[in-house]
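Spelled out from the first residue to the last, the chains are:
2 protein chains.
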Amino acid sequence: MLPRDNALATDLYELTMAAAYFENKETTEATFELFVRHLPNNRSYLIAAGLEQAVEYLRDLRFEKQHVEFLRNQPSLKDIDDGFFRYLQEFRFTGDVWALPEGTVFFAKEPIMRITAPIIEAQIVETYLLSTINFQTLIATKASRVVQSARGRDIIEFGGRRAHGIEAALLAARSSYIGGCVGTSNVLAGYKFGIPIYGTMAHSFVMNYETEEEAFSRFCKAFPSNPALLLDTYDTVKGAQKAIPFKPSLVRLDSGDRFELSFEVRKILDEAGLNETKIFVSGDLNEYIIDDLTSKGAPIDAFGVGTELVTSRDDPALPGIYKIVETRRDGRRNFRVKTSEGKRTLPGAKQVYRKFAANGEFEEDILALRDENPIPAGTPLLTQIFKRGNVIYNAPSIRAMRENALNNVSRLPLKYMDLKTIQPAPVVISPQLERLTESLWENPEHGTA
Amino acid sequence: MLPRDNALATDLYELTMAAAYFENKETTEATFELFVRHLPNNRSYLIAAGLEQAVEYLRDLRFEKQHVEFLRNQPSLKDIDDGFFRYLQEFRFTGDVWALPEGTVFFAKEPIMRITAPIIEAQIVETYLLSTINFQTLIATKASRVVQSARGRDIIEFGGRRAHGIEAALLAARSSYIGGCVGTSNVLAGYKFGIPIYGTMAHSFVMNYETEEEAFSRFCKAFPSNPALLLDTYDTVKGAQKAIPFKPSLVRLDSGDRFELSFEVRKILDEAGLNETKIFVSGDLNEYIIDDLTSKGAPIDAFGVGTELVTSRDDPALPGIYKIVETRRDGRRNFRVKTSEGKRTLPGAKQVYRKFAANGEFEEDILALRDENPIPAGTPLLTQIFKRGNVIYNAPSIRAMRENALNNVSRLPLKYMDLKTIQPAPVVISPQLERLTESLWENPEHGTA
Numbered sequence: 352m353l354p355r356d357n358a359l360a361t362d363l364y365e366l367t368m369a370a371a372y373f374e375n376k377e378t379t380e381a382t383f384e385l386f387v388r389h390l391p392n393n394r395s396y397l398i399a400a401g402l403e404q405a406v407e408y409l410r411d412l413r414f415e416k417q418h419v420e421f422l423r424n425q426p427s428l429k430d431i432d433d434g435f436f437r438y439l440q441e442f443r444f445t446g447d448v449w450a451l452p453e454g455t456v457f458f459a460k461e462p463i464m465r466i467t468a469p470i471i472e473a474q475i476v477e478t479y480l481l482s483t484i485n486f487q488t489l490i491a492t493k494a495s496r497v498v499q500s501a502r503g504r505d506i507i508e509f510g511g512r513r514a515h516g517i518e519a520a521l522l523a524a525r526s527s528y529i530g531g532c533v534g535t536s537n538v539l540a541g542y543k544f545g546i547p548i549y550g551t552m553a554h555s556f557v558m559n560y561e562t563e564e565e566a567f568s569r570f571c572k573a574f575p576s577n578p579a580l581l582l583d584t585y586d587t588v589k590g591a592q593k594a595i596p597f598k599p600s601l602v603r604l605d606s607g608d609r610f611e612l613s614f615e616v617r618k619i620l621d622e623a624g625l626n627e628t629k630i631f632v633s634g635d636l637n638e639y640i641i642d643d644l645t646s647k648g649a650p651i652d653a654f655g656v657g658t659e660l661v662t663s664r665d666d667p668a669l670p671g672i673y674k675i676v677e678t679r680r681d682g683r684r685n686f687r688v689k690t691s692e693g694k695r696t697l698p699g700a701k702q703v704y705r706k707f708a709a710n711g712e713f714e715e716d717i718l719a720l721r722d723e724n725p726i727p728a729g730t731p732l733l734t735q736i737f738k739r740g741n742v743i744y745n746a747p748s749i750r751a752m753r754e755n756a757l758n759n760v761s762r763l764p765l766k767y768m769d770l771k772t773i774q775p776a777p778v779v780i781s782p783q784l785e786r787l788t789e790s791l792w793e794n795p796e797h798g799t800a
Numbered sequence: 352m353l354p355r356d357n358a359l360a361t362d363l364y365e366l367t368m369a370a371a372y373f374e375n376k377e378t379t380e381a382t383f384e385l386f387v388r389h390l391p392n393n394r395s396y397l398i399a400a401g402l403e404q405a406v407e408y409l410r411d412l413r414f415e416k417q418h419v420e421f422l423r424n425q426p427s428l429k430d431i432d433d434g435f436f437r438y439l440q441e442f443r444f445t446g447d448v449w450a451l452p453e454g455t456v457f458f459a460k461e462p463i464m465r466i467t468a469p470i471i472e473a474q475i476v477e478t479y480l481l482s483t484i485n486f487q488t489l490i491a492t493k494a495s496r497v498v499q500s501a502r503g504r505d506i507i508e509f510g511g512r513r514a515h516g517i518e519a520a521l522l523a524a525r526s527s528y529i530g531g532c533v534g535t536s537n538v539l540a541g542y543k544f545g546i547p548i549y550g551t552m553a554h555s556f557v558m559n560y561e562t563e564e565e566a567f568s569r570f571c572k573a574f575p576s577n578p579a580l581l582l583d584t585y586d587t588v589k590g591a592q593k594a595i596p597f598k599p600s601l602v603r604l605d606s607g608d609r610f611e612l613s614f615e616v617r618k619i620l621d622e623a624g625l626n627e628t629k630i631f632v633s634g635d636l637n638e639y640i641i642d643d644l645t646s647k648g649a650p651i652d653a654f655g656v657g658t659e660l661v662t663s664r665d666d667p668a669l670p671g672i673y674k675i676v677e678t679r680r681d682g683r684r685n686f687r688v689k690t691s692e693g694k695r696t697l698p699g700a701k702q703v704y705r706k707f708a709a710n711g712e713f714e715e716d717i718l719a720l721r722d723e724n725p726i727p728a729g730t731p732l733l734t735q736i737f738k739r740g741n742v743i744y745n746a747p748s749i750r751a752m753r754e755n756a757l758n759n760v761s762r763l764p765l766k767y768m769d770l771k772t773i774q775p776a777p778v779v780i781s782p783q784l785e786r787l788t789e790s791l792w793e794n795p796e797h798g799t800a
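Residue numbers (my numbering), protein chains in the order written: chain A, 352 to 800; chain B, 352 to 800.
Honestly, the hints are just simulated from the structure, not real lab data.
Treat the hints with care, since some could be wrong.
No copy is singled out in the list; a pair is fine if it fits within one copy or between any two copies.
Under the rule of at most 25 Å between Cα atoms (straight-line distance), these lysine-lysine pairs were calculated in the PhoX-like manner [said to hold, decoys possible]:
no.: 1; residue 1: Lys460; residue 2: Lys429
no.: 2; residue 1: Lys543; residue 2: Lys429
no.: 3; residue 1: Lys572; residue 2: Lys376
no.: 4; residue 1: Lys543; residue 2: Lys629
no.: 5; residue 1: Lys647; residue 2: Lys572
no.: 6; residue 1: Lys429; residue 2: Lys598
no.: 7; residue 1: Lys598; residue 2: Lys376
no.: 8; residue 1: Lys629; residue 2: Lys429
no.: 9; residue 1: Lys694; residue 2: Lys593
no.: 10; residue 1: Lys766; residue 2: Lys706
no.: 11; residue 1: Lys376; residue 2: Lys593
Computed from a predicted model, the values in this text were never measured in an experiment.
Taking the hints into account, I'd like the entire structure generated from these sequences.
Here you go:
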């Protein structure tokens, strides 16, 4: 992993805009919202994740001397006076932040985070916040789908080697756990986040010995308590037969027709009296394949899911965006929208209110202005995280985040669980927000309230 | 970005296997090769990248005291004696490494890296090496495709906000540059790797002011030398007309029908005498869309490509694998293969020889055993990087890596450049390797030479 230089982990245009605001002595306080315009392929809901890393970033953000020197020497900033660079050296995030707690189910158009700060500060943090929240939300959502498809069997995240680098592997393990996995193969995720870690053996261990039996014997010598053996290095069925004398507590199948093989291996184990031995299946799995296996009753106890989970392979980028929704300058409040083709936004700092049916099931969300009067019915979802630059939020444990996600998902009506069709959840725009939006879309450049 | 704890950035099974080898007093020296079994969707070639980060990892790999304590307390390692944990505390990588220099074109089955070391060392490094090389190779390859589609126009990497976290954003910028981009919006990539950085303005800057003209005027006040203006916040054509008085050096179009709009905006600029003003296009671009725009002669000077590039969206995971190919124990050399269904491997430590036609064009590769006699004709591609744990490779500058990639690609016959069909390149298995492979696939468990 590479060392921290978070202040520079941003797009250059955040800094050119910051410089332009500084040169213009811009005093605006701006509110930006981070949200998703459309749901990704086949998804009817999203699981919020990544807040913890976002909070650490905002809390610790500093431009070190060497960062400022680097910027001072950029040709693209040659027009900028020294005052701006001195400002950067003193830079602190001093704003307010509201966000969805990690593990919260949410939908398109709903803010996952809302930031109010002097406009330079709110602008500079855009790229980092998007990057960390987009990615972890993407993976927590994918994990939730995979967990649903397993019908109660355990899912372990296995994808470090195909993640987009070492940090992506670590954060994929974290967000997979929040989304409902029981653990990960990623040791660092265990070390840093306390996530349960799991591991068996690889084909190379079997291949290092003259025979499969010798490999199994060597492994069981080191791990007598609960040996887990990999069966498919040469031939899965023969591998199962050779494993019997070692009484493994778990066997892993990593290739071939895992539906047929799981029955064959279960039979071999049971006939040898190894009814307690678990069958663990891995190898290019995803929610669609697992759904097929579990719906047909394959005797599989748990799954390891790698590549498809940690890259969200069927839709590998969450299109979260960060848009200015209102500004305050000289005591005047201005509402802001963008009307680019296909990219219209809703104005104003917002809150999301969630309504449940009598049986506890999710019913609908109401998207309203933050300070609407009367306050809409329902539970407000955005929680205050920073107040004037200070963290006022007590983050729950990662176990509690995972429980939150599982609980949120369990309250969704079944129709939202379909793996292959998007069921748009009712997100109702409040009448006040509706009226404001309509007037601004007609005349976007003059949004004074 | 998160702090370094590279030793734990691995799958648990690498450590359970290491423990089992240690308990068995395993003295085997093993050779592993990192390669890709099949090419990703629509790709006929790959661009090697990520070696620099792999070298730093192997050179600096240490288990700190707190890492070892963490492992000692894992339930899954409770059978393991203290000797193993003491071994980890002294762990150093002492092996030999050969690899393709970054920017080298290569194909399926060809090793991008070959490692020979005591088997525990060679095993422990698997996950990290795969993660860093898979990702960067994936993105350098995608960048090469995007650059080809631009027909000589500049491509700038723009995708930090949709990359899989902050480190992925940084490494995507690096590998995109190696693959042929002219630069990135990622400031950190400029700081750490010396890659040229670029940036303009965002919609939020325009939205912060009462009118588009005011926003343009404010921005040009700060950047009088070469102002770059974004035109599509409200309406691209009207935005272009409003931009004229500010004589921008560059205008950016980020939404709508960019083919039609580029002509309209070019006309508006030219009629105002701004023939030198460049048109820069961004917004959900990929090689297929850019190919369409440039083949039809759209008057666009450069492109910013984000999400699709940094996630390699049309195929977001490179299926690179790391397989044991031979071992040496008690002076005896053993060749290794795996015969799992659909996952057979080629035995033996290998070298790749590249042959060119008289006109300098790529002709074919020969995949041969490392120590084949006679040595096959052609240029050997794998270069020695580590010798007994010491780096003996002088890495070229990142500019030279990029030149290497552009040069390698320019020597590929045109048929390999097709964006939509895979043209399998001739990778010839040498007769000696062929014979060895056939005999081992028949009897995989006894591969003694």
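Hint by hint, here is what the structure shows:
1. Lys460 to Lys429: neither (39 Å within a copy, 49 Å between copies)
2. Lys543 to Lys429: Classified as between; 20 Å across copies, 42 Å inside a copy.
3. Lys572 to Lys376: between (72 Å within a copy, 12 Å between copies)
4. Lys543 to Lys629: Classified as neither: same-chain Cα gap 29 Å, cross-chain 48 Å, threshold 25 Å.
5. Lys647 to Lys572: Cα proximity of Lys647 and Lys572: none, with 37 Å in one copy and 67 Å across.
6. Lys429 to Lys598: Between copies only: 19 Å across chains, 71 Å inside a chain, cut-off 25 Å.
7. Lys598 to Lys376: between (74 Å within a copy, 23 Å between copies)
8. Lys629 to Lys429: Close across copies (20 Å), not inside one copy (65 Å); limit 25 Å.
9. Lys694 to Lys593: between (60 Å within a copy, 21 Å between copies)
10. Lys766 to Lys706: Result: close within a single copy only, 17 Å intra versus 58 Å inter.
11. Lys376 to Lys593: Answer is between; shortest inter-copy Cα gap is 23 Å, intra-copy 76 Å.
The structure is inconsistent with the numbered hints 1, 4 and 5, although it conforms to all the rest.
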